[in-house]
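Peer 1: All residue numbers for the sequence shown refer to our numbering, where the first residue is 154 and numbers rise by one.
No lab work stands behind these hints, which were simulated from the structure alone.
None of the values given here were measured: they were computed from a predicted structure.
There's no promise every hint is true.
Stated by the list, open to error - Straight-line Cα separation of at most 25 Å, BS3-like style, residue types lysine-lysine; simulated pairs:
(1) K177 / K207
(2) K213 / K253
(3) K331 / K320
(4) K253 / K265
(5) K331 / K253
(6) K250 / K207
(7) K280 / K265
(8) K288 / K253
(9) K162 / K213
(10) K265 / K288
(11) K320 / K250
(12) K251 / K195
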Amino acid sequence: FHIPNGLLKNFPHAVNNLRTNRRKLTTPYDLHETLQDLVDLKNITNIMLRNRLKFTQYTKGKSLFLPISDSRTCIEAAIPEVWCTCHQSVTTSTSDKKVKQSANSIVTYLNKVLEGYVQCKKLYLNKIISARLEKVPLLKQEAILFKQLFKSSLTDYTVMIETVPGKAIFEATVRYSKSTKYFS
Numbered sequence: 154f155h156i157p158n159g160l161l162k163n164f165p166h167a168v169n170n171l172r173t174n175r176r177k178l179t180t181p182y183d184l185h186e187t188l189q190d191l192v193d194l195k196n197i198t199n200i201m202l203r204n205r206l207k208f209t210q211y212t213k214g215k216s217l218f219l220p221i222s223d224s225r226t227c228i229e230a231a232i233p234e235v236w237c238t239c240h241q242s243v244t245t246s247t248s249d250k251k252v253k254q255s256a257n258s259i260v261t262y263l264n265k266v267l268e269g270y271v272q273c274k275k276l277y278l279n280k281i282i283s284a285r286l287e288k289v290p291l292l293k294q295e296a297i298l299f300k301q302l303f304k305s306s307l308t309d310y311t312v313m314i315e316t317v318p319g320k321a322i323f324e325a326t327v328r329y330s331k332s333t334k335y336f337s
């Protein structure tokens with residue numbers, strides 16, 4: 154990408170951070186903060202960048218003119234888990250018992266949402282179109298803490314279903330807790 158000479162000359166630290174952040178986990182909120190900085194260039198002076206570092210860890214968006222951590226997580230970037238690209242998924246059988254239970258919990262949830270609408274009919278599961286088992290990579294420290302706190306295993310299933318009447322298609326992520334045997 155092209156960076157204007159004026160930015161290169163007057164704001165070398167900010168430009169260096171921008172270049173370094175090209176391969177980091179970023180969000181539209183970060184882009185918004187970056188555009189805000191371009192409106193008021195005083196925000197990207199070396200002194201301001203140093204001062205802002207103390208406070209940006211608590212904000213939803215972080216300007217790309219500030220350094221972004223290599224180990225930034227979806228949680229830190231305010232990315233909902235369902236949209237986190239750090240997850241790896243493995244296709245799993247639609248006939249798996251847990252997948253079927255996940256699909257039924259989706260239909261139960263949808264019917265609860267529709268309860269107050271008399272014009273809506275009760276939905277029934279017609280078929281499970283696809284299912285994926287989501288694997289969330291944890292840092293070693295997070296994994297140790299996670300196991301200590303929960304002493305159980307949580308499993309996420311992303312399931313695509315078709316319901317009747319209407320043959321509507323829904324996709325949802327359902328979390329299963331082995332310790333409570335509960336789908337949410």
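Peer 1: Evaluate each hint against the coordinates.
Peer 2: Evaluation of the provided hints:
1. K177 / K207: holds, 20 Å
2. K213 / K253: violated, 36 Å
3. K331 / K320: violated, 32 Å
4. K253 / K265: Since the Cα atoms of K253 and K265 sit roughly 19 Å apart, the hinted pair holds (cutoff 25 Å).
5. K331 / K253: holds, 16 Å
6. K250 / K207: violated, 49 Å
7. K280 / K265: holds, 20 Å
8. K288 / K253: holds, 19 Å
9. K162 / K213: violated, 29 Å
10. K265 / K288: violated, 28 Å
11. K320 / K250: Holds. K320 to K250 sits at ~23 Å (cutoff 25 Å).
12. K251 / K195: Distance of about 55 Å is beyond 25 Å: violated.
Checked against the numbered hints given earlier, this structure breaks hints 2, 3, 6, 9, 10, 12; the rest are met.
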